[in-house]
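J.: Taken in sequence, the protein lines are chains A and B. The first sequence begins at 3 in the working numbering and counts up by one. The second sequence begins at 3 in the working numbering and counts up by one.
Heads up, a few of these hints could be off.
One copy or two, either will do: identical chains are not told apart, so a pair holds if it fits within one copy or between any two.
When the alpha-carbon atoms are kept at most 30 Å apart in a straight line, the in silico DSBU-like pairs for lysine-lysine are as follows [to be verified]:
| no. | residue 1 | residue 2 |
| --- | --- | --- |
| 1 | K42 | K194 |
| 2 | K87 | K194 |
| 3 | K216 | K118 |
| 4 | K216 | K195 |
| 5 | K188 | K4 |
| 6 | K42 | K118 |
Please keep in mind that the hints were generated in silico from the structure rather than gathered at the bench. Quick caveat, the model's predicted, so the values are computed rather than measured.
Residues per chain, in single letters:
Number of protein chains: 2
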Amino acid sequence: MKAGKLYGVSVGPGDPELMTIKAVRIIRQADVIAIPHGKKESCAAYQIALQAVPEIEKKECLMISMPMTKDSSLLKESRLNGAKKILSVLVEGKDVALLTLGDISIYSTGWYLYCKTRELSRELPNGAEGELIGGVPSFCAAAQRLERALICGEEELHILPASYSAEQIEQGLLLPGVKVLMKAGKQISAVKKLIQDKNLPVCAVSRCGMEGEKVYWSAEEIEEDAGYYLLILVG
Amino acid sequence: MKAGKLYGVSVGPGDPELMTIKAVRIIRQADVIAIPHGKKESCAAYQIALQAVPEIEKKECLMISMPMTKDSSLLKESRLNGAKKILSVLVEGKDVALLTLGDISIYSTGWYLYCKTRELSRELPNGAEGELIGGVPSFCAAAQRLERALICGEEELHILPASYSAEQIEQGLLLPGVKVLMKAGKQISAVKKLIQDKNLPVCAVSRCGMEGEKVYWSAEEIEEDAGYYLLILVG
């Protein structure tokens, strides 16, 4: 039997209307939905897709719990198990839409599952094909919310992960142009201090396009509990 | 009379199916379409929108010629004239959808027109409101075409304009993580040399999602005439 096809579907940053026409079509056509999360109810990507394509509720859904950890062996194991789960459905000839928040190429948990499933699939005689569907990244949506451009002319844009080392953030803030600090929620105190010490121009959005969205026009305004979806623009 | 609303609409990187649901709705509802280009036929953003929303052909279209120059006074003048043209329609109470390729927050000619129109509008007693609609940026679409992620985990992503100084590019290539060189077409010889001298891993896409799309898996493969829409990923 011919294997199904795996789609890595980006559902955009939060507003269901920011899903692409292609994402909606693929999700509608897919036999099975997969999410990198143990529960539909608390999976942001699923909830976004559900608003645009309510009929997904009737589709088979693979819920793949991914631990929020930096322990690499634990991560490896859960990705492998998740990929096996997806593959078992693909080999039945079913097409799978793996949903992911924002864009799948940018800090996406879904990417690891997509990648591992494709890897396992290539070892099979009748492996599943794959296709990635792009989406609007959170930093573009944040810029639109703030009614500003990210970069013009000769400017540079630097996307930095703000949930790792303070040193990395400090180095990144020295770069010319505009800096986007992603997922700054956990390290917010350290990040705020770095920005304030350097007296840098800052604006930020948390939960952009989602329920509870908040906009901040200075480092001082950013709340300590602004959360996981906080995105800070510097410069 | 209440002024119309100005929408800065990102139409994505090339594939009309990568337009967002919101972009399609706004374009459909708008009274007037505006393009940062002198001709519909050679305006990539218009041609993308036309495929998704064929009825725009019947709408009034403001064609705003923007010179391809780095002469700042010439640029300023054409932006001002373009903004006045858009504003004259907005004050008639018409909603305008200003189309722009990729995402309007990233190196977009449309952004300048949007920004200038909003600026002029704020000086009027009944100024026009504005809203930006995000889109899939070209570098996300290129990553999907290459079936790869841009950044995972602690990695950084650096978006660099490759049509200005070779020194800027050289400095940029020293940064950790993944580098995206945008609009490298004009400086392709210099860029190729820099990449080859440093022996950096490279892949590239030109005209991603458009007619004549081409994929390159090494610096050597990239043709000298790969053109304006060439996007290079390093790392």
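J.: Next, verify each hint and record whether it holds.
T.: Quick rundown of the hints versus the structure:
Neither within a single protomer nor between protomers do K42 and K194 lie at most 30 Å apart by alpha-carbon distance, with minima of 33 Å and 47 Å respectively. Taking the shortest Cα distances, K87 and K194 never come within 30 Å of each other, neither inside one copy (41 Å) nor across copies (43 Å). Taking the closest pair of Cα atoms, K216 and K118 come within 30 Å of each other only across two copies (26 Å); inside a single copy the shortest separation is 35 Å, beyond that limit. In the homo-oligomer, the alpha carbons of K216 and K195 lie at most 30 Å apart inside one protomer (20 Å), although the nearest pairing across protomers, at 46 Å, exceeds that limit.
Taking the shortest Cα distances, K188 and K4 never come within 30 Å of each other, neither inside one copy (45 Å) nor across copies (45 Å). For the homomeric pair K42 and K118, the shortest alpha-carbon distance inside one copy (22 Å) is at most 30 Å, but the shortest distance between copies (44 Å) is not.
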